[in-house]
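For the protein sequence lines, the chains are A and B, in the order given. Each residue of the first sequence is one higher than the last, beginning at 0 in numbering that gives the first Met the number 0. Each residue of the second sequence is one higher than the last, beginning at 0 in numbering that gives the first Met the number 0.
None of these hints come from the bench; they were simulated from the model. The reader is advised that the hints may include incorrect statements.
As the list claims (entries may be wrong) - With a cut-off of at most 20 Å between alpha-carbon atoms, the simulated SDA-like pairs for lysine to any residue come out as follows:
#	chain 1	residue 1	chain 2	residue 2
1	B	K47	A	V47
2	B	K106	B	C131
3	B	K47	A	D41
4	A	K60	B	R62
5	A	K60	B	E59
6	B	K47	A	V54
7	B	K47	B	R88
8	B	K47	A	R152
9	B	K47	A	D50
10	B	K47	A	E45
11	B	K47	A	Q46
12	B	K47	A	E189
13	B	K47	A	R53
14	A	K60	A	S73
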Amino acid sequence: MKENGQLYTMEGIAAGLIMLITAYLVLGSTSVYTPGDTHITDMQLEQVGSDILRVMDTPLKLNNSRVDYQSNQSELELFLNTSDADRQFTNAFLSQYLYSSKVMAKETSVTSIGIQINATVWYQRRDGFLWNYTLATSPSSLGSYTGREPGVRVTRWVHTNYRPHWPSSSLSFTEWNLRMRNEPQELLVEVVMWKV
Amino acid sequence: MEGLNREGQWIVMMGFLVSIGIFFLAVIISQSTLVGQTTAEGVLEFPKNDIQDLRHAILEVERFERQSSPSTMVMDDIQQEIRNISLYRMNANVWYNFSPYSCSAGKRAVNIHYNNGVTVYNETTQVFYVPC
Numbered sequence: 000m001k002e003n004g005q006l007y008t009m010e011g012i013a014a015g016l017i018m019l020i021t022a023y024l025v026l027g028s029t030s031v032y033t034p035g036d037t038h039i040t041d042m043q044l045e046q047v048g049s050d051i052l053r054v055m056d057t058p059l060k061l062n063n064s065r066v067d068y069q070s071n072q073s074e075l076e077l078f079l080n081t082s083d084a085d086r087q088f089t090n091a092f093l094s095q096y097l098y099s100s101k102v103m104a105k106e107t108s109v110t111s112i113g114i115q116i117n118a119t120v121w122y123q124r125r126d127g128f129l130w131n132y133t134l135a136t137s138p139s140s141l142g143s144y145t146g147r148e149p150g151v152r153v154t155r156w157v158h159t160n161y162r163p164h165w166p167s168s169s170l171s172f173t174e175w176n177l178r179m180r181n182e183p184q185e186l187l188v189e190v191v192m193w194k195v
Numbered sequence: 000m001e002g003l004n005r006e007g008q009w010i011v012m013m014g015f016l017v018s019i020g021i022f023f024l025a026v027i028i029s030q031s032t033l034v035g036q037t038t039a040e041g042v043l044e045f046p047k048n049d050i051q052d053l054r055h056a057i058l059e060v061e062r063f064e065r066q067s068s069p070s071t072m073v074m075d076d077i078q079q080e081i082r083n084i085s086l087y088r089m090n091a092n093v094w095y096n097f098s099p100y101s102c103s104a105g106k107r108a109v110n111i112h113y114n115n116g117v118t119v120y121n122e123t124t125q126v127f128y129v130p131c
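Using the sequences plus the hints, can you model the full thing?
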């Protein structure tokens, strides 16, 4: 047996092993990203939504007086205290803020295509139970309930000095007055946003 | 190995070195997607907006208590509302308290605790106001 080929053989085996392991690692590192995996777009929508709620919760008139808390009502508080919240909230959220902030790639009308919202208010009843009612909802047709992308949920705590305006859809007026404390309280406004 | 030329040893050694270098680069590249994904998920899962919102709400409750001096019952109800709604709607355990209010002190401590099972956030902050 000749000794000549030993080094070549060893080198060949070593090189082969290195190539195999490298190929294995490289092939193993490729990952397929499906749209469902990428939450980056959700993150942007969520940020925009929560920024809008934050803007809406800023007092309209900043009063310097230390005792005059009442006049420092935010837009969100006003929406809670009106019977016309459905239209006003939707209008403010979509037309006034979302579409004016140049978030959309192209100009779209609110009703035809774009982002739909559904806002609910969560509150604690006098007896300690949690209840909710719909503050505003934008979908006008059945088709606009289906989204292209997963919906996101943004929330905002709102401090009110009185109970919110009676939501005619949920309870009778007397029951509402009976169950809601007419005192300063914290409510959670929850908005679900989705692209249609 | 006598039959081999001496010059060839350098070629063989350099070949080994280069291939080992490439091998390590491949290891690093294979880790990069994993690292990128876990980092991005860590950022996405962090409830930044929830915490900022809660922080704002609690500081506002503090201001409300200081300026309107409501009854203890109202404050207890508010505490309960924040705790219950956080628990039900945000999957988070929330607890807060304020140090006793004395107008001449000009400042007050606020403790905020937030825990949603993944993220734990504790904060003690000072609120300053014009002393009497």
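Against the structure, the hints come out as follows:
no.	hint	verdict
1	K47/B x V47/A	13 Å, holds
2	K106/B x C131/B	11 Å, holds
3	K47/B x D41/A	14 Å, holds
4	K60/A x R62/B	17 Å, holds
5	K60/A x E59/B	16 Å, holds
6	K47/B x V54/A	17 Å, holds
7	K47/B x R88/B	16 Å, holds
8	K47/B x R152/A	13 Å, holds
9	K47/B x D50/A	12 Å, holds
10	K47/B x E45/A	11 Å, holds
11	K47/B x Q46/A	10 Å, holds
12	K47/B x E189/A	16 Å, holds
13	K47/B x R53/A	13 Å, holds
14	K60/A x S73/A	8 Å, holds
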